[in-house]
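Asks: Here the protein sequences come in this chain order: A, B and C. Going by this note's numbering, the residue at position 155 of the first sequence is 155; the numbering climbs one at a time, nothing skipped. Count along the second sequence from 1, add 1000, and you get the number used in this note's numbering. Count along the third sequence from 1, add 2000, and you get the number used in this note's numbering.
Be a bit skeptical, because a hint or two may be false.
Stated by the list, open to error - Here are the simulated lysine to aspartate or glutamate pairs, DMTMM-like style, with alpha carbons at most 25 Å apart:
no., chain 1, residue 1, chain 2, residue 2
1, C, 2542, C, 2452
2, B, 1057, C, 2148
3, C, 2107, A, 211
4, C, 2224, A, 179
5, B, 1065, C, 2330
6, B, 1057, C, 2330
7, C, 2224, A, 184
8, A, 245, B, 1010
9, C, 2061, B, 1170
10, A, 55, B, 1179
11, C, 2297, A, 211
12, A, 55, B, 1042
13, C, 2503, A, 192
14, A, 52, B, 1179
15, C, 2503, A, 179
16, C, 2107, A, 236
17, A, 52, B, 1174
18, A, 101, C, 2204
19, B, 1281, A, 241
20, C, 2542, C, 2204
21, C, 2224, A, 192
22, B, 1057, C, 2417
23, B, 1112, A, 50
24, B, 1008, A, 85
25, B, 1008, A, 179
26, A, 52, B, 1170
27, B, 1057, A, 143
28, A, 101, C, 2509
29, A, 117, C, 2509
30, A, 279, C, 2417
31, C, 2226, A, 90
32, C, 2107, A, 85
33, B, 1008, A, 201
34, C, 2456, C, 2108
35, C, 2297, A, 236
36, A, 101, C, 2330
37, C, 2090, B, 1223
What the hints contain is simulated information worked out from the structure, not anything from laboratory work. Here the structure is a predicted model, which means the values were calculated and not measured.
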Amino acid sequence: MRRGLRAGPDYTARGPKQGLLRRRAGRAAAGLARGKGEQEGAAMKTLARDYKRHKYLYFMILPVVLYYALFQYGPLYGAIIAFKDYRIAEGFLGSPWVGFKHFLSFFDSYYFWRLMKNTLLLNAYLLLFSFPAPIIFALLINEIGRSLFKRFVQTVTYLPHFISLIVICGMITQFVARDGMITDLLVWMGMDRTALLGQPEYFRTIYVVSDIWQSVGWGSIIYLAAISGINPELYEAATIDGANKWRQTINVTLPGILPIIIILFILKMGNMLEIGFEKIILLYNPNTYVTADVINTFVYRKGLGESFEFSYATAVGLFQAVINFILLILANRFSRKVSDSSLW
Amino acid sequence: MHVIRKSKGERIFQGANTAFMLFMVVITLYPFVYVVMSSLSDSRQLLSHTGTLLWPKGFTWEAYKLVFQNPNITRGYLNTLIVVVGGTSLNLLLTCMGAYVLSRRGVPWAPKLMLIIVFTMFFSGGLIPMYLLVNNWLHLGNSLLALIIPSAISTWNLIILRTSFGALPDSLIESARIDGAHDFTILFRIVIPLSMPVISVMILFYGVQHWNSWFQAMIYLRERHLFPLQLVLREILIQNSTEYMMAQGDADVESVGESIKYATIMVATLPILFVYPFMQKYFVKGVMIGSIKG
Amino acid sequence: MRNMPNKRKLSLLLLLSLVLVLAACSGGNNAPGNSTGNTGGNAGANANGNAGGSGETAPVKLTYWVAMDGNASRSLGSYSEMLFFQELEKRTGVEVEFQHPAVGSEKEQFNLMIASGNLPDVIESDFTAYPGGPEKAIADQVLIPLNDVIDEHAPNLKAYLDEHPEFRKEIVTDDGTIYVFPSIGIGNRAVSGGLMLRQDWLDELGLDVPVTMDDWTNVLRAFKEKGAAFPFTARLGTFNATNAFNGAYGVGQNFYQKDGQVKYAPLEPGYKDYLAQLNAWYEEGLLDPDFATQDAKAHDAKVSNGDSGAFFAYIGSGMGRFLNAMEGQEFDLVGAPYPVLNEGEEPYFVNKPYEYRGGGSAGITPNNEHVAETAEWLDYLYSDEGHILKSFGIEGETFNMVDGDPQYSELIMDNPDGLSIGEAMGKYLRVSTPTPGLVGDDRYAEQYYEYEQQKKASATYSEHQDNADQVLLPRISQTPDEANELSAIMAEVQTYQDEMLLKFIMGSESLEDGYEAYTEQLRKMNIERAIELKQAALERYKQR
Chain A
1 MRRGLRAGPD
11 YTARGPKQGL
21 LRRRAGRAAA
31 GLARGKGEQE
41 GAAMKTLARD
51 YKRHKYLYFM
61 ILPVVLYYAL
71 FQYGPLYGAI
81 IAFKDYRIAE
91 GFLGSPWVGF
101 KHFLSFFDSY
111 YFWRLMKNTL
121 LLNAYLLLFS
131 FPAPIIFALL
141 INEIGRSLFK
151 RFVQTVTYLP
161 HFISLIVICG
171 MITQFVARDG
181 MITDLLVWMG
191 MDRTALLGQP
201 EYFRTIYVVS
211 DIWQSVGWGS
221 IIYLAAISGI
231 NPELYEAATI
241 DGANKWRQTI
251 NVTLPGILPI
261 IIILFILKMG
271 NMLEIGFEKI
281 ILLYNPNTYV
291 TADVINTFVY
301 RKGLGESFEF
311 SYATAVGLFQ
321 AVINFILLIL
331 ANRFSRKVSD
341 SSLW
Chain B
1001 MHVIRKSKGE
1011 RIFQGANTAF
1021 MLFMVVITLY
1031 PFVYVVMSSL
1041 SDSRQLLSHT
1051 GTLLWPKGFT
1061 WEAYKLVFQN
1071 PNITRGYLNT
1081 LIVVVGGTSL
1091 NLLLTCMGAY
1101 VLSRRGVPWA
1111 PKLMLIIVFT
1121 MFFSGGLIPM
1131 YLLVNNWLHL
1141 GNSLLALIIP
1151 SAISTWNLII
1161 LRTSFGALPD
1171 SLIESARIDG
1181 AHDFTILFRI
1191 VIPLSMPVIS
1201 VMILFYGVQH
1211 WNSWFQAMIY
1221 LRERHLFPLQ
1231 LVLREILIQN
1241 STEYMMAQGD
1251 ADVESVGESI
1261 KYATIMVATL
1271 PILFVYPFMQ
1281 KYFVKGVMIG
1291 SIKG
Chain C
2001 MRNMPNKRKL
2011 SLLLLLSLVL
2021 VLAACSGGNN
2031 APGNSTGNTG
2041 GNAGANANGN
2051 AGGSGETAPV
2061 KLTYWVAMDG
2071 NASRSLGSYS
2081 EMLFFQELEK
2091 RTGVEVEFQH
2101 PAVGSEKEQF
2111 NLMIASGNLP
2121 DVIESDFTAY
2131 PGGPEKAIAD
2141 QVLIPLNDVI
2151 DEHAPNLKAY
2161 LDEHPEFRKE
2171 IVTDDGTIYV
2181 FPSIGIGNRA
2191 VSGGLMLRQD
2201 WLDELGLDVP
2211 VTMDDWTNVL
2221 RAFKEKGAAF
2231 PFTARLGTFN
2241 ATNAFNGAYG
2251 VGQNFYQKDG
2261 QVKYAPLEPG
2271 YKDYLAQLNA
2281 WYEEGLLDPD
2291 FATQDAKAHD
2301 AKVSNGDSGA
2311 FFAYIGSGMG
2321 RFLNAMEGQE
2331 FDLVGAPYPV
2341 LNEGEEPYFV
2351 NKPYEYRGGG
2361 SAGITPNNEH
2371 VAETAEWLDY
2381 LYSDEGHILK
2391 SFGIEGETFN
2401 MVDGDPQYSE
2411 LIMDNPDGLS
2421 IGEAMGKYLR
2431 VSTPTPGLVG
2441 DDRYAEQYYE
2451 YEQQKKASAT
2461 YSEHQDNADQ
2471 VLLPRISQTP
2481 DEANELSAIM
2491 AEVQTYQDEM
2501 LLKFIMGSES
2511 LEDGYEAYTE
2521 QLRKMNIERA
2531 IELKQAALER
2541 YKQR
């Protein structure tokens, strides 16, 4: 069952682990004459033949399809409420149509562009700093030889994930308060003493750094699992070829976890207009709105107003989803071109 | 495994790496230390304290005593346990089957189905249609099943698992098929055992997700004896927030003692923390090769 | 394949446990689920259940949806375990099954309940906050009109309403319909929070409790000289949500009324003076510069460790907690009257709750098959006997009569399980939060405030509470369309106002140069239309 792993210096390019998700070129790699029937004309025939051949696959997918049909697509009709004025008792069908009113009212908002800018910028920073952090961390952990220490580090670093956001934000607030630990450190380095959370220019930094602090350990779990799934023979081969640790990381480990990195990256791209509002609400104040106020926090505040803003919130949500979905499709297409791997 | 002499550069790197890891341990351990120490402190002394906390202020177990007096906590444990075990099992079964099918090459409809599934990550009908479905049509409202069935698959996890299954060598599966094994056998006897690292991650992700979830419980459950632990915890945490106090007409609701708040967090967090080290043993290198060598 | 058997076992085990657990779930938990499914809605189940039941008159059984009071949720699983409700059932023979949303998520559950149409017999909630107003709740078939029901079956409530026509005006819709059994605030101690200072510092410095704004400036300066780093500490809400110093300048925080006209504070001249004063304090270091960012914990710490000597707090949860925590140390607090600008003036903007509390009011749904019995049962709470039971409990258990007044027993005041007074009250009684019936009884407030300082502060704050009626907007209600328009305007206005408030106080925007542009921008955001809408609702209120 072993494959030829040692094929010269480019050994990593052909290992079995390189079979990325949807290896178009490799579709027929197994050498079986099937799976080409994607032409619409022969579709039904192909399907029938396919069913015969893979009966069990159909049994397996049935509950999954049922789940998605019932619980994900079933309630989807609710999205029409973005185009209506929702009235509780009249329900989804009875409420009056208002067309694009809610969308327009959002686009016309005095704060629309600021909200867009803040949301995109914060996400861009997260993508730039927070996304790679767990990957690097996983690679570093992997380099620790002593396994007891390794386990200890892993176990400890994932702890912040479990502490309630309310508590985490309470601690952040304390650290960067006028007399907080981090403020002390920065003052020692020559900054003026102030409550950092009161200054709009520090908000994004605080948000991103604390996000890394919270999630680097937990986020690395999936990469560590992927690393541990890499065939050790690849390392042996690399060693025999005289590659040092650094070369091994670049040429074996990184390519080995590349599929998962790409998939998570694509998913992250499809999330650029979305940002969890709980943490921001716990950290911001009107003085930092100028950098901290994002779409979701604005909608949240609006929801506390005098009426039940269900339609408005749905409209904004729909707008975010459409943009996000377009971004995802673009990212997926791009990735398919460049790396030969993609979501679908 | 690797029997090589370490170069000087590598030794320096090892040293720096260890130092960095120790640094990471210290800064990520702190929130936990803070919670533990606060929970063991005297509420009154905690009140006037600011800044770091490395040792309890006036050591006392009082907070834990009060937490366990709360009847909702013990019942919450049981409910959470049922949901975690039941929910995770269902999650795993469905996710494995779905990921297996979607990872097989040459299934003509798989890419389209994948797109259909990914679509649901972005578009949803919102809270109310979901509530009507679960409550009015499926009649799962006010039962723990409402916390399990509507979240039977996480698309995110499905994608991760599919990615991982897809990275297994085709030859393994094809040769099993030639040996006459059908897909269930291949999935349960070959694919899953070969994917134990990522399966254990799935158990962890799903388990933790169920353990931490409170939102569904909040909307579906009207009887307090069904409340899971996190919902009880949230009730206690939220009562100290100004927002909640403002929402109460007279705005003079007594806040929970600070140390009780932290003791509740400990009680609600500690059990799940023990799962990870248990899962970790599957993260050891060579799981896969061991099986193939067989 | 040496490793395989173990792993195969594991997979099998997983499957097996799944089947078992799912079976357990559906077996164990469907039962209670189903039973509520039946009782919540169709009365057929009630009739059947009662047919084989006890006695000659089949007891009425009601389902009752109510958010649990936070204090009670720490020691009770359900209100059916509460002493008050158990005794109430004995006395009235009406059996009640409670449905409780999770604390802190009442609004979501309420909306979902309405949307699903699965209504219980009685809903206790704040229907003034119902989307579209209380009229809409009746139109939506969530509530039934109660005018006739109260006339026929609620003699105690009817008597109260006849005696208090002004109050009746608050609880009806614009067309005169009564929609709930209201929570009625009585008593002369309605104001539960205000400004507080360190009494021991005042004594030490030989200063009186400040009354005018100039007094306040002097006191804060003296505190600063004494060594307090941040003489007056606050959280954001002190300056933008509750009435504190703004009243001295004759303005509210947002909308208020003056001689029957709706006003929006930032457009009024007094508001600029108010901001100027706060800005002056900020520049002088008298006002805690972190007020916008700090959380409750940091705020409380500053108070208790002597960094600050003056602040805004509630008598029970604030003053009581500090006095308790600092017992035995040099620490004493005093409540200052709501400040005025000049000696001899009276404060108007005090934080007085509405007499009709809004929250804690019980409506009857169209699903209820025992409307008459329900009304009689609820009306009991408006009788003297019912009021005593609700607020004080059972004689000999939770209270004793001393000189004709009910005094809480040790079970409440010094609970053997270590519960605080508030928590013990929450466990046995429904007295500290709004409920159907009368709330805010002075005899309760007197005892709830265990420290002498609290009692004094309560008297100080409430001294001019009736003035508030002249400036606070009454319980007006907007039509659904008005509410939509209003919220579209206010979402932007509120964000803008919150931002500018801080800029003006902290001086990053100059009041001299920037205030005009500020009001101009507010007008551009259509604030005047919002005032109009409020005014229209106020006019309708006057016509009630």
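Asks: Each hint needs a verdict: does it hold in this structure or not?
Replies: How the hints compare with the structure:
1. 2542/C <-> 2452/C: Given pair residue 2542/C, residue 2452/C is violated - Cα atoms ~41 Å apart, limit 25 Å.
2. 1057/B <-> 2148/C: The given pair, whose Cα atoms are some 61 Å apart, is violated under the 25 Å limit.
3. 2107/C <-> 211/A: violated, 30 Å
4. 2224/C <-> 179/A: Since the Cα atoms of residue 2224/C and residue 179/A sit roughly 18 Å apart, the hinted pair holds (cutoff 25 Å).
5. 1065/B <-> 2330/C: With Cα atoms ~30 Å apart, residue 1065/B and residue 2330/C exceed 25 Å; violated.
6. 1057/B <-> 2330/C: It holds: about 20 Å lies between the C-alpha atoms, which stays within 25 Å.
7. 2224/C <-> 184/A: With Cα atoms ~23 Å apart, residue 2224/C and residue 184/A stay inside 25 Å; holds.
8. 245/A <-> 1010/B: holds, 8 Å
9. 2061/C <-> 1170/B: Violated, at about 65 Å.
10. 55/A <-> 1179/B: holds, 17 Å
11. 2297/C <-> 211/A: Within the cut-off at roughly 22 Å; holds.
12. 55/A <-> 1042/B: violated, 65 Å
13. 2503/C <-> 192/A: Judged against 25 Å, a Cα distance of about 19 Å means the pair holds.
14. 52/A <-> 1179/B: holds, 18 Å
15. 2503/C <-> 179/A: holds, 22 Å
16. 2107/C <-> 236/A: Not satisfied, since the Cα-Cα distance of roughly 61 Å exceeds 25 Å.
17. 52/A <-> 1174/B: holds, 17 Å
18. 101/A <-> 2204/C: Outside the cut-off at roughly 63 Å; violated.
19. 1281/B <-> 241/A: violated, 30 Å
20. 2542/C <-> 2204/C: violated, 51 Å
21. 2224/C <-> 192/A: Cα-Cα ~22 Å, so holds.
22. 1057/B <-> 2417/C: holds, 23 Å
23. 1112/B <-> 50/A: holds, 15 Å
24. 1008/B <-> 85/A: violated, 70 Å
25. 1008/B <-> 179/A: With a Cα-Cα distance of about 43 Å, the restraint between residue 1008/B and residue 179/A is violated, given a limit of 25 Å.
26. 52/A <-> 1170/B: Holds - the C-alpha atoms of residue 1170/B and residue 52/A are around 21 Å apart, at most 25 Å.
27. 1057/B <-> 143/A: violated, 40 Å
28. 101/A <-> 2509/C: Measuring from Cα to Cα gives roughly 35 Å; hence the hint is violated.
29. 117/A <-> 2509/C: holds, 23 Å
30. 279/A <-> 2417/C: Not OK: residue 279/A and residue 2417/C at ~36 Å, beyond 25 Å, violated.
31. 2226/C <-> 90/A: Distance ~64 Å between residue 2226/C and residue 90/A Cα, so the pair is violated.
32. 2107/C <-> 85/A: holds, 19 Å
33. 1008/B <-> 201/A: violated, 43 Å
34. 2456/C <-> 2108/C: violated, 39 Å
35. 2297/C <-> 236/A: Violated, because 56 Å separates the two Cα atoms, which is more than 25 Å.
36. 101/A <-> 2330/C: With a Cα-Cα distance of about 61 Å, the restraint between residue 101/A and residue 2330/C is violated, given a limit of 25 Å.
37. 2090/C <-> 1223/B: holds, 23 Å
Taken one by one, the earlier hints fail for this structure at numbers 1, 2, 3, 5, 9, 12, 16, 18, 19, 20, 24, 25, 27, 28, 30, 31, 33, 34, 35 and 36, listed in ascending order.
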